[in-house]
Amino acid sequence: MADEREKIVQVRNLKQYFNIGKPNEVKAVDDISFDIYKGETFGLVGESGSGKSTTGRSIIRLYDPTDGQILFNGQDISKIKSHGPQMKEFRREMQMIFQDPYASLNPRMKVKDIIAEGLDVHGLVKGEEEREKRVRELLDMVHLNPEHMTRYPYEFSGGQRQRIGIARALAVEPQFVIADEPISALDVSIQAQVVNLMQDIQKEQGLTYMFIAHDLSMVKYISDRIAVMYHGKIVELADSDEIYNHPLHAYTQSLLSAIPVPDPEIEKTRERIDFDHSQPFSDDQSLQEVLPGHFLYCNAETAASFK
Amino acid sequence: MDKILEVKDLHVNFATYNGTVQAIRGVSFDLNAGETLAIVGESGSGKSITVRSILQLLAKNADIAKGSILYHGDDLLQKSEKGMDNIRGNKISMIFQDPMTSLDPTMPIGKQVAEPLLIHNNVSKKDAMARAEEVLRLVGIPNPKARMKDYPHQFSGGQRQRIVIAIAIVDYPEILIADEPTTALDVTVQAEIIDLLKELQQKIGTSIIFITHDLGVVAGIADRVAVMYAGKFVEYGSVNDIFYNPQHPYTWGLLDSMPTLDTSEANRLNSIPGTPPNLLNPPKGDAFAPRNKYAMEIDEEEQPPYFKVSKNHYAATWLLHPNAPKVDPPASIKKRFEKFKQLGGSVK
Amino acid sequence: MGVKNNMEQIPNVPKEKFKLIHDENNNEQEKIGTPSLTYLQDVRRRLFSNKVAVVCLTLLSIIVLISLFAPLVAPHNPNAQQVTLSNLPPKLGNLNIPGFNGYQNMGGKMVDAYKQAGASKDTFYLLGTDYLGRDLLSRIIYGTRLSLIVAILATLVDLIIGVPYGIVSGWKGGRTDTIMQRIVEIVSSVPNLIVVILMMIILKPGLGSIVIAIAITGWVTMARLIRAQTFQLKEQEYILAARTLGESSTKIATKHLIPNLSSTIIIQTMFTIPNAIFFEAFLSFIGIGIPAPNASLGTLLSDGQKAFRFLPYQMWAPAIILSIIMIATNLLGDGLRDAFDPQSDD
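Going line by line, the protein sequences match chains F, U and C.
Here our numbering is used: position 97 in the first sequence is 97, and no number is missing along the way.
Here our numbering is used: position 84 in the second sequence is 84, and no number is missing along the way.
Here our numbering is used: position 28 in the third sequence is 28, and no number is missing along the way.
Same shape as in the complex, but just chain F (with noise of 0.2 Å):
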C-alpha cells in the first residue's frame, strides 16, 4: 500500500506570500500539502500563474517560505538558515534542472567548470585530474561528448545544453531532483530524448524526482502520481492514470479536455470542457481523500458523495 512506502518530501500547509502586507500582495502557493515517495516521480501540473514554479523554488529554499513545514527525509527544512552547514547538507541532497536552456547556463563559463561547480562547492574532488574524470564520467551520462567538456554553452544545442543542466546537478549525487519545466522550451524530437535521459538515470541511481510542467501529455507519461495546481492550490491528487481516466475536479477535467492530440480523426471530435474562472474555491473546501489515493477539493458534503 502506498502508505508503507518510504515518503522523501512532505509538505505541510505550505503557504508563500510576496510582497506581504502591501496591496500587490501575492498568495502564489497557498496551504498546500502533499507528500512524494522514495523513488517515484511526482508531476505537478498547471498553468502559467497556477504557483507550481513557486512550490518548487520553495521546497529547494530558493524562497523562505512564510509558513508552513517542509520535511525533507524526516527533517523540517523550512527554516534552516541560508548559510548554515545544515543548509550545505541539504544542497547535497536536493537538486534543481532548469526550464530555460540559454539561461540556465553562465555563458561566460566553459562546460566542464559549469558541471564541476557543485564538486567545487562540496569539495568532491581532490585536484585537477579527479575533477576532470568526474566532469567525464558526468558528460558521459548524459550523452555527449567528453571531447567538449573545453567549449562554452552557446556552441551547444537546446537539448544539449538542457542535459549539461542535468549533469550539473547530478554531479553532488543528490536523492531528489526538482525539475522545473525541463523540457517545455525544447523542439519535441529533443523533448523525448531529455525524458528518455531522465528515466535511465533515474532507475540507474533510484532518484526521485517532481517533475513540474504544463504539458499534460508529457506528465502523464513520466509520471507516477499527479497533482493538478491551480490559483495557489493543490485541486486534484492522483496516481496518473486515475487522473487522466477519472479526473475528478472540474478544472483538471478542462484541462485534460484542451489538450491536442496528433490525430485529426480524434481532434474533429474532441469536444472542450470550460471551466467557470469567476467563483473557483469557497471556505469549506479543502483537499480531501474522496478515494483511495485520490485527492480533492472539495466541501465535506462533495467528499461524502463519493463514500
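One thing to keep in mind: the hints can contain errors.
[What the hints assert, rightly or not] Chain F is faced by these chain C residues, among others (derived, beta-carbon under 7 Å):
id	residue
1	V43
2	Y131
3	Q236
4	E237
5	Y238
6	L240
7	G246
8	E247
9	H256
10	P259
11	N260
It is worth saying that the hints were derived from the structure and are not from the lab.
Where a beta carbon is used, it is the ideal one built from N, C-alpha and C, also for glycine.
Using the hints provided, position chains U and C relative to the given structure of chain F.
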C-alpha cells in the same frame, strides 16, 4: 480550387560572421483560397523564415537568393517597399508568437485595431472605430465598446492574443499568417484561440498559413500539412496523409516521439537522436541522414527528390525509390497506417 | 502541392546504393563542427572588424605609449624656462615646411622668429614654445600623462567603489538596497565642482583634490548601472542553479556576476575616462586644478587661450590632443558596446 499564393523554389541565405547560412534551401508550395496550410518543424528548420519572406519581414542580413512568391500571379519579391506596404496588414497579415510584444503598450486597443483600416483604406475615423468594435466582438472580447479605451496590460494573455488577431483580421485579409500564435499560451487558452481561428476562417473565408512545432495543434486545424527540416520540406500532403500515411522517416520520428495519452511508462518514448545539421555547411546528401535510422548509402551522396505518394502527397526520401529495401516503420506508425486503411486510403 | 517538376520520372539509381547504413552507436551527431571560440575571442573579432574602433584604439594606444615613456620621448624638460626663446612658432628641423618653418607674421611681414630671438641654427621646437620659452611639445606630452593619471585613478575608483557597491545593492535588494540607493542619491545631488571648491579649503589645489573630488562623486553612475544589471542577473537560472548548489554569495559574485557584468564595466569605463580627463582640464582651465608650473592639458589651454589671437598654435595643439582623446575613447566605447552585445548592431 483557387490558388492565391504560389511560392516557387525559394532560397534564403543569411550572412553571418562565420559565413553564409543557407536557411531556406528550395521551398515550393501553394495556398488555395479558404484553406489552412500548416508548416511544422523544429526551431531552426526555417519555417518562420519561409513565411516572413512572403511579407519580406526578414532581418537585414537576409538575402532571398532565388525563387519567386506569386500572389495572384504578381511576384511579391519584385515589389517596391511601398508596394509591399499595400499588401501587408491588408491583403496578407501576420500574427506573432508573443502577444505582449505585438501590441503597443501606450495605445488603447481600439485605436490599435482600427489603425490598419486608417492606413490602408479611405475610411473615416468613426467608421474605423465602429469596425474595430465589431471585430473585437468577433474575436470574443466581452463588452468591446467599453474596453476599446483600455490598454494592453489590462487584458489577460489569451485576450491579448485575441486582440492581436483582431488587428490582423480587421481588414479581412485574404491570407492570415500565424507564426506560432499559441506557443506562449496555456493549453486551455491555446484551445480557445484555435477554435477562434477556425471560426473566423468560416466567417470571413481567409486562408491561413499556420506555423507550429506542435503536431497536436496541426491535427486540429490544418487541411494540408508541410513538414520542414533543415530548410526544406521533407513531406507534404493532406492532414490525413501526414498523420495516417506518413512516408518520411523524419515525420515518423516526430509522430513517434510524442507521448499519446495511452503511452504508458512501460513503453519507452522513441526519440530522434542527435541534433539538426548546421546550415552553414549543409550536408551534400539528405540533411536528415545522420539522424536517420533508415539512412542508406545514397542518402549521404545525393539529396532525395520528391517522390509522389498519392495525389498531392509527396515525400523527399530515397525509401520511396523502387530499388529501396522495404523497411519496418515504428510500431506507432504502423497503427496509423491501419487507421488510414479504415479511412479508405491505400497504403503502399 | 502541385510542384511541377516533381519526379514524374524516377531517377535511375543503382540498387547497391540502397544499403542501410545505420549505426546504432553513432555518436557523430553530437559533434560540434564549428571551431571553438571563447567569448572574448568573439568580442575581439567583432571589435577588429569595426574600422572606426580600430582607428580609435590605435590612436589611443599611441597616446598612452608616448605619455607612458614621456621622459624618454619628450625632447626638452617641460618646466625648463628660456625667456629669450619665448613664443617661438613651430619649426621642424631646417626643412622649409609652411607653418613649421619658424616664420611668424609680424606687422604684416613673415619674419623668421628663431633668427630674431637669436637661437642657434639647430635649435628648433616642433610645436613652438610658450611665453616662458618652454617647449610646448614636451609640455603637452607631460600634460597628457597627467590627464591619463587622472583617468586611471577615476577608473580605479569606479572599479573599487562603484562595482562592489552596485553588486551588493542589487544582490541584497530590499531594505539594504533602499538605504544604499538613498546614499547614492545624496552623493549624486552634490555637484562635484562644489566638492572641489570645498576641498580647496583643506587641501592645496592639485592632483590630490581633483582625485578626491572624483572619488567622492565619480563612482555613482557605475554603481547605478551595475545595480540594475545585478537585479536582472540574479533572476537568471544559472544564478539560481549556483544557489541550489550551495555556492556562497561572494563566490556567486566573483564567478557569475562579475564575468557577466564585465561588458557593462568595460563600456562604462570608456565613458568614465573622457569625463575624468575633461573634468581635470576644466578645473585647470578655470585655475583651480593643477598649479603652475606643472603642465596639464587644461592649463595649456588656459595659457594658450590668452594669446590665441596672435599665437594660435599655443592653443591649437593641446586642444587637438584633448579632442582626439575624448572622441577616440567615446567611439571606442561605442565599438566595445557593439562588440560585447552583438544584438545592438542590427
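Hint check results:
no. : hint : in the structure
1   : V43  : 11 Å, violated
2   : Y131 : 55 Å, violated
3   : Q236 : 5 Å, holds
4   : E237 : 4 Å, holds
5   : Y238 : 4 Å, holds
6   : L240 : 6 Å, holds
7   : G246 : 3 Å, holds
8   : E247 : 5 Å, holds
9   : H256 : 5 Å, holds
10  : P259 : 4 Å, holds
11  : N260 : 6 Å, holds
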